[in-house]
Amino acid sequence: MSFRYSFLLLFAAACATSGSGDTDTSSSTVEPREFSDFVNTTEAPTGDLTCKDAALGTVDPAKQVDVTFNGEVHDFQLKDVVAEATVNFWFDDDVSATMSTTVQADTKGAFTVDLPACTPLAYESTTPVDWQQTVDTYEVHQIYGYEEDGSVDGEYVNSVSQQTSTLIPALIGLEWDPTTGIIAGTAYDCTETGIGNAQVFIHDEAGNAPPTGEIFYFNSSDLPTARDPEDAATARTNPDNGLWVAINVPVGVWIAEMYIWDGSTYVMLGSTQLEIKAGSVNISNIYTGHTDGIAYPPSCLVQ
514 MSFRYSFLLL FAAACATSGS GDTDTSSSTV EPREFSDFVN TTEAPTGDLT CKDAALGTVD
574 PAKQVDVTFN GEVHDFQLKD VVAEATVNFW FDDDVSATMS TTVQADTKGA FTVDLPACTP
634 LAYESTTPVD WQQTVDTYEV HQIYGYEEDG SVDGEYVNSV SQQTSTLIPA LIGLEWDPTT
694 GIIAGTAYDC TETGIGNAQV FIHDEAGNAP PTGEIFYFNS SDLPTARDPE DAATARTNPD
754 NGLWVAINVP VGVWIAEMYI WDGSTYVMLG STQLEIKAGS VNISNIYTGH TDGIAYPPSC
814 LVQ
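Numbering (our numbering), first residue to last: 514 to 816.
Honestly, the hints are just simulated from the structure, not real lab data.
Cross-link-like lysine to any residue pairs, in silico, SDA-like; alpha carbons within 25 Å at most:
1. Lys-592 <-> Thr-615
2. Lys-565 <-> Asn-553
3. Lys-790 <-> Thr-725
4. Lys-565 <-> His-716
5. Lys-565 <-> Gly-658
6. Lys-790 <-> Ile-715
7. Lys-621 <-> Ser-664
8. Lys-576 <-> Thr-614
9. Lys-565 <-> Tyr-779
Label pairs and their computed distance ranges (CB to CB):
10. Gly-765 <-> Phe-604: 20 to 26 Å
11. Glu-661 <-> Pro-545: 48 to 54 Å
12. Asn-553 <-> Gln-577: 37 to 43 Å
13. Asp-607 <-> Val-572: 14 to 20 Å
We put the beta carbon where it would ideally sit given N, CA and C, even for glycine.
Throw the hints in and build the complete structure from the sequences for me.
And the structure:
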């Protein structure tokens with residue numbers, strides 16, 4: 514399932530007051546963080562959450578066939594095509610494994626590749642380091658729907674520019690440590706609309722929060738030329754966009770969980786898992802009712 518352009522609102526965020534959420538990545542002694550450091554709102558959530566405990570549809574194995582993917586590499590912020598970018602695919606959805614295939618876009622950012630429909634996969638878009646153009650951009654749990662003519666047209670993969678990768682932390686008042694990664698995501702309700710008043714908790718497979726990595730939420734609609742204290746990052750997702758970003762997340766495998774307050778306790782709506790590599794930006798959405806970050810489009814399900 515391709516990333517939605519509504520997520521571009523991330524870059525419209527003017528952020529918290531100076532020094533808010535600063536992370537000292539040089540300290541050898543870091544106080545352990547708890548669930549409550551990440552999840553603490555008591556505001557009622559917004560959005561359609563009726564699918565939280567509903568049965569998921571069944572994937573039709575007859576639709577898990579190879580299709581021709583006619584795609585483009587797009588700049589994450591500006592939507593411009595990225596010429597001659599390389600796109601690596603992992604058909605097993607595991608970026609730590611050997612890649613399944615690689616393809617290079619042409620001068621118009623276009624490429625064609627055969628890949629499995631209705632099957633979770635991952636990709637990385639990249640350009641040569643000496644071009645000083647982009648940073649390694651990953652997106653996991655991508656699913657391309659089944660088309661009767663055996664093709665997938667009009668789809669794209671994201672590429673984050675070096676300028677954008679430094680803009681996100683700068684708006685918040687942080688410096689990105691290039692030995693860590695950035696996660697940028699959306700909290701989606703049952704209609705894949707942004708949820709309001711949700712919060713994200715990141716932890717490893719043992720349940721431990723990362724020693725570094727701050728999470729921010731956004732509420733603006735215009736890209737500022739400077740941080741505006743009157744239009745700050747919020748403490749929870751905004752119903753207009755559901756956006757969240759985690760900065761300076763250490764290298765390794767992390768689980769991101771989305772929580773809301775139901776009036777008496779915190780309830781997890783969904784979660785996803787991803788692997789962070791140094792110097793990378795990772796696009797990772799969380800879907801209500803899905804605990805693996807994998808949401809199949811209707812065209813993949815048994816009708």
